[in-house]
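Asks: Starting from the known structure of chain P, arrange chains D and X on it as the hints suggest.
Protein chains in written order, with my numbering: chain P, 1 to 379; chain D, 1 to 318; chain X, 1 to 257.
Please note: incorrect hints may appear among the correct ones.
For lysine-lysine, the following PhoX-like pairs were computed, each having C-alpha atoms within a straight-line distance of at most 25 Å [unchecked claim]:
#, chain 1, residue 1, chain 2, residue 2
1, X, Lys147, D, Lys124
2, D, Lys121, X, Lys201
3, D, Lys164, D, Lys52
4, D, Lys253, X, Lys162
5, D, Lys171, X, Lys136
6, X, Lys162, D, Lys152
7, P, Lys4, X, Lys200
8, D, Lys251, D, Lys276
9, P, Lys345, D, Lys208
10, P, Lys4, X, Lys34
11, P, Lys4, X, Lys201
12, D, Lys250, X, Lys147
13, X, Lys213, X, Lys162
14, D, Lys197, D, Lys251
15, D, Lys250, X, Lys162
16, X, Lys200, P, Lys116
17, D, Lys208, D, Lys124
18, X, Lys34, P, Lys263
19, D, Lys251, X, Lys162
20, P, Lys266, X, Lys155
21, X, Lys136, P, Lys4
22, P, Lys4, X, Lys147
23, P, Lys263, X, Lys155
24, D, Lys251, D, Lys209
25, X, Lys200, X, Lys68
26, P, Lys357, P, Lys263
27, D, Lys250, D, Lys209
28, D, Lys124, X, Lys223
29, X, Lys193, P, Lys116
30, D, Lys52, D, Lys209
31, P, Lys197, P, Lys4
32, P, Lys4, P, Lys314
33, X, Lys162, X, Lys68
34, X, Lys193, P, Lys43
35, X, Lys25, P, Lys273
36, P, Lys100, X, Lys201
37, P, Lys116, P, Lys43
Computed Cβ-Cβ distance ranges for the label pairs, DEER-style [said to hold, decoys possible]:
#, chain 1, residue 1, chain 2, residue 2, range
38, X, Ser186, D, Leu158, 41 to 49 Å
39, P, Arg379, D, Arg204, 53 to 61 Å
40, D, Ala172, X, Pro69, 46 to 54 Å
To be clear, the hints were calculated from the coordinates, so they are not data collected in a lab. Idealized CB from N, CA, C, for every residue including glycine.
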Amino acid sequence: MDFKLSEEHQLIRQSVHEFCDRYVCPIADEVDQEARFPAETMKRLAEQDWMGIPYPVEFGGAGADYLSYVIVVEELSRACAATGFILECHTSLASYPLFKFGTEEQKRQWLTPLCKGEMLGAFALTEPGAGTDAAASSTVAVLDGNQWVLNGSKIFISNSPVAGVIIVFAMTDKSKGTKGISAFIVPAGTPGLNIGKHLNKMGIRGSLTAEVFLQDCRIPKENILGGEGQGFKIAMMTLDAGRVGIAAQAVGIAQAALDESVKYSKERIQFGKPIGTFQAVQWMIADMATDVEASRFLTYHAAWCYDQGMPYSKEAAMAKLFASETASRQTDRAVQVHGGIGYIKGTKVERLYRDAKITEIYEGTSEVMRMVISGNLLR
Amino acid sequence: MAGIWVFADNRNQVLELLSAGRSIADGLISHLAAFAADRQQAGEYIDCGADKVFLLPELPQDQPFESLVPVLADAARDENPDVILIGASSRGKEIGARLAAALNSGLCSGCIGFELDSAAKTLKMDRLIFGGAGVQTVVCTQSPQIATVPPKTFEPALPEQGRKGDIHELKAPPPSPVRVLDRVPRQRDSVDITEAKIVVCVGRGLEKKEDLDLVRSLAEALGAEIGCSRPVAEELQWLPEEVYLGISGKKVKPSLYVGVGVSGQVQHITGIRDSKVIMAINRDENAPIFDAADYGIVGDLYQVIPRLIEELKEALRA
Amino acid sequence: MLRIVTCFKWVIDDADIRVDAESRKLNLARAGYKISSYDRNVIEEGVRIQEQHGGTLAAVTVAPPTAKPCLKDALSRGPDAAWFINDPSFADLDAHQTSEILAQTVRSQIEFDLIICGEGSGDLYSQQVGPALAEKLGIPCITWVNKLTFDEEQKQIIAHRKLEEGMEIVSCPLPALVVVLPDINSPRIPTLKQVLGAAKKPVHDVNMKTLGKVPEAHLRTDKILAAVMDRRRIRVAGDAEGIRSVVNSLIREGVIS
Numbered sequence: 001m002d003f004k005l006s007e008e009h010q011l012i013r014q015s016v017h018e019f020c021d022r023y024v025c026p027i028a029d030e031v032d033q034e035a036r037f038p039a040e041t042m043k044r045l046a047e048q049d050w051m052g053i054p055y056p057v058e059f060g061g062a063g064a065d066y067l068s069y070v071i072v073v074e075e076l077s078r079a080c081a082a083t084g085f086i087l088e089c090h091t092s093l094a095s096y097p098l099f100k101f102g103t104e105e106q107k108r109q110w111l112t113p114l115c116k117g118e119m120l121g122a123f124a125l126t127e128p129g130a131g132t133d134a135a136a137s138s139t140v141a142v143l144d145g146n147q148w149v150l151n152g153s154k155i156f157i158s159n160s161p162v163a164g165v166i167i168v169f170a171m172t173d174k175s176k177g178t179k180g181i182s183a184f185i186v187p188a189g190t191p192g193l194n195i196g197k198h199l200n201k202m203g204i205r206g207s208l209t210a211e212v213f214l215q216d217c218r219i220p221k222e223n224i225l226g227g228e229g230q231g232f233k234i235a236m237m238t239l240d241a242g243r244v245g246i247a248a249q250a251v252g253i254a255q256a257a258l259d260e261s262v263k264y265s266k267e268r269i270q271f272g273k274p275i276g277t278f279q280a281v282q283w284m285i286a287d288m289a290t291d292v293e294a295s296r297f298l299t300y301h302a303a304w305c306y307d308q309g310m311p312y313s314k315e316a317a318m319a320k321l322f323a324s325e326t327a328s329r330q331t332d333r334a335v336q337v338h339g340g341i342g343y344i345k346g347t348k349v350e351r352l353y354r355d356a357k358i359t360e361i362y363e364g365t366s367e368v369m370r371m372v373i374s375g376n377l378l379r
Numbered sequence: 001m002a003g004i005w006v007f008a009d010n011r012n013q014v015l016e017l018l019s020a021g022r023s024i025a026d027g028l029i030s031h032l033a034a035f036a037a038d039r040q041q042a043g044e045y046i047d048c049g050a051d052k053v054f055l056l057p058e059l060p061q062d063q064p065f066e067s068l069v070p071v072l073a074d075a076a077r078d079e080n081p082d083v084i085l086i087g088a089s090s091r092g093k094e095i096g097a098r099l100a101a102a103l104n105s106g107l108c109s110g111c112i113g114f115e116l117d118s119a120a121k122t123l124k125m126d127r128l129i130f131g132g133a134g135v136q137t138v139v140c141t142q143s144p145q146i147a148t149v150p151p152k153t154f155e156p157a158l159p160e161q162g163r164k165g166d167i168h169e170l171k172a173p174p175p176s177p178v179r180v181l182d183r184v185p186r187q188r189d190s191v192d193i194t195e196a197k198i199v200v201c202v203g204r205g206l207e208k209k210e211d212l213d214l215v216r217s218l219a220e221a222l223g224a225e226i227g228c229s230r231p232v233a234e235e236l237q238w239l240p241e242e243v244y245l246g247i248s249g250k251k252v253k254p255s256l257y258v259g260v261g262v263s264g265q266v267q268h269i270t271g272i273r274d275s276k277v278i279m280a281i282n283r284d285e286n287a288p289i290f291d292a293a294d295y296g297i298v299g300d301l302y303q304v305i306p307r308l309i310e311e312l313k314e315a316l317r318a
Numbered sequence: 001m002l003r004i005v006t007c008f009k010w011v012i013d014d015a016d017i018r019v020d021a022e023s024r025k026l027n028l029a030r031a032g033y034k035i036s037s038y039d040r041n042v043i044e045e046g047v048r049i050q051e052q053h054g055g056t057l058a059a060v061t062v063a064p065p066t067a068k069p070c071l072k073d074a075l076s077r078g079p080d081a082a083w084f085i086n087d088p089s090f091a092d093l094d095a096h097q098t099s100e101i102l103a104q105t106v107r108s109q110i111e112f113d114l115i116i117c118g119e120g121s122g123d124l125y126s127q128q129v130g131p132a133l134a135e136k137l138g139i140p141c142i143t144w145v146n147k148l149t150f151d152e153e154q155k156q157i158i159a160h161r162k163l164e165e166g167m168e169i170v171s172c173p174l175p176a177l178v179v180v181l182p183d184i185n186s187p188r189i190p191t192l193k194q195v196l197g198a199a200k201k202p203v204h205d206v207n208m209k210t211l212g213k214v215p216e217a218h219l220r221t222d223k224i225l226a227a228v229m230d231r232r233r234i235r236v237a238g239d240a241e242g243i244r245s246v247v248n249s250l251i252r253e254g255v256i257s
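Excised from the complex, chain P in its bound form (with noise of 0.2 Å):
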């Protein structure tokens, strides 16, 4: 078992962290507080071969593994978790089912530009009314010649306002509940096809998030990805895929937190002492230190089962549920360690502790992890 990184993966590390310093830490800031979506960065992304990592480079990816996917996320949201997000909703909820279900044509299409990053992906899911309930879902599409006809509205769709296409899920048959569920390639601009305004939120700010409106939006034929009743599978399958991102991203702001918390530490003098020395202070560093590092681990595994082609749903769901509870607990104890500081904005801690909140929920909630790990163990 060698838990050592290749040269390459330290080397891409190496290479995100310089990114980061250069491009993404200046500007991180002004993203959180004016909620701008970091237009320039992307193009650097896409620059840097970052935007199909996992994905075949006849399609424009750089055929890289998941582990170098998962360090770029994790570099990406130490230094700017909106940023790290934006990847990887593009990366993996948008391009996998699209990689993983794709015709040849639809992967000339639509993978290769979004892989090299000419346009970005979203992914449509949830509803007012379907969120963790998915079979709840009320979009619907109609078969009409030689078209599919969506109806219906989807939320908190982030990258929707950005993207050049959206994966949306939409009931095909009703009675057969989640096998009913199909998935549609809806190209941005189609008529019918509407974006609702940003959705203002507690944290990744950068990311923009929307509603989106199908009414009567028409696609061709060919649209359906994958056959029909597919899709509750695909999206299904996307999602665990997505988790062990969302676990990096976790990681990466738990680890942001640390450093932080231990930076503030040596400096910071009360008592004619800095406060690392006082054990209260050295407990909490080191209870963070302890739970990042396992974090990293599992989600580090969790992309090796992926990439060795096991199965790894019950790992990644092990390694967001832990990576994301991690991030909320140490961004809480890193605004504590900053004290009146770390309330203010303009302290990268206070950004953290908002940021880290949504890795609970989103792309699974936490108890919806729980449900997968046990019923992975109890079946």
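Replies: Chains D and X only, in chain P's frame:
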């Protein structure tokens, strides 16, 4: 033959090296030699302690100063000096390195101080490493022992009446394949900050460029020149490169250094470490500069500076 | 065809250095290593010239065998091939030894037109290897260059040297060695494809069997200590009283009058 040689591409450094060279020459009971551009300069160097001066040949316009290296190497092979001290200007560093290679000897670059072991006839030389975090003490195991010395490491030698010395002309070097096409002199719009007795240094704590006026009034009250830390010159470009103090900028040795909103990273401290007194104003009590300062005022510079100017006027009037 | 050789060094990351204030010992035990930041500009300049004029680009380093990770790092930044001149005794070489080893290797094995070196290494910063190497190879040397162009027709380089008195613009026929400053370029960040592609590029392993004897050091290091700043460290508040006390101290010390 032997001899302690000093060489620099500018007069000021030659004078500084003459004083250092004198102490080594006395310690090793050897003569002190310098290199001059012309007879007048040679006379000055003799007045300042040189027993012997080599006259450098005049170079054709299209030849860089460094084309002298073969001539220097030949002279060294003829005379076998024990020690060669070279002023560490940009040119001096190249000349030192090439000379050490040509003479198959060793070079201590950036020598900030030395101790002479008269018995072993060696110099124990100190130099900074790891960006200024460490001090390395080296001894050259070959002869001549060569060192390049940064400006203002030593005090300039003073002239004395009645000193005598020999002058030798050096022959012209072979033409170098490196040809000078053009020379563009640096615009000297500000005073040379390395000459200033008092320096006020601006750091990132200053919020906007317009606030330099506040700093200027402090500099006026002190009779100081204004310098800055690297980010203020390179990134913000509020002040010219010539006045940025640090490991890759200027190194200063004023009587008083006042850091205003300077955090005190080791790269900056390396440029100011030899100041007689270091004072810092910073609102962050944990700023590293306070560990490197004699006097630290913890406070908002926008409030401290006006008060400081008032106190200075009061106190200096009395 | 233009044959460019870039020299780089694998150095301790000085951000990782710990100091024991009492003993003045430098603790390097947990320090990571990286390509010296000055040498990143060197490699980038080589890449830049190759992009404009074609030819081959090699990255060369003298290091102990433990420095092996430096090769993929360097290759991911653009060179076509690397030369790893290594031996366990190469951990603490002085500038004479490094330049001598480089000179021997270049003379016997590496064909070149242009050698590019950095202004100094991030650890010892002797600033000697470039000019010393040129001297040993008997080729012209141009130092402190912040702008470099290659004149294909005349087969010469035009370099802008940044000196205290101003800029000196020089020309020199090849073969030559150039020492570049960090402000010559901004090194690009390796892309993922470049990182993955590094493993496929050839590495020439040069060891003592080829070189023979290790040249002796010409500088002996007696000791290395942490730099100390023995300052008074008197701290006052920014109120009128505190400021007054500082002003009085400055007058007393005679630094203001």
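Asks: For this structure, which hints from the list above don't hold up?
Replies: The structure conflicts with hints 1, 2, 13, 17, 20, 21, 22, 23, 30, 31, 33, 36, although it agrees with all the remaining ones.
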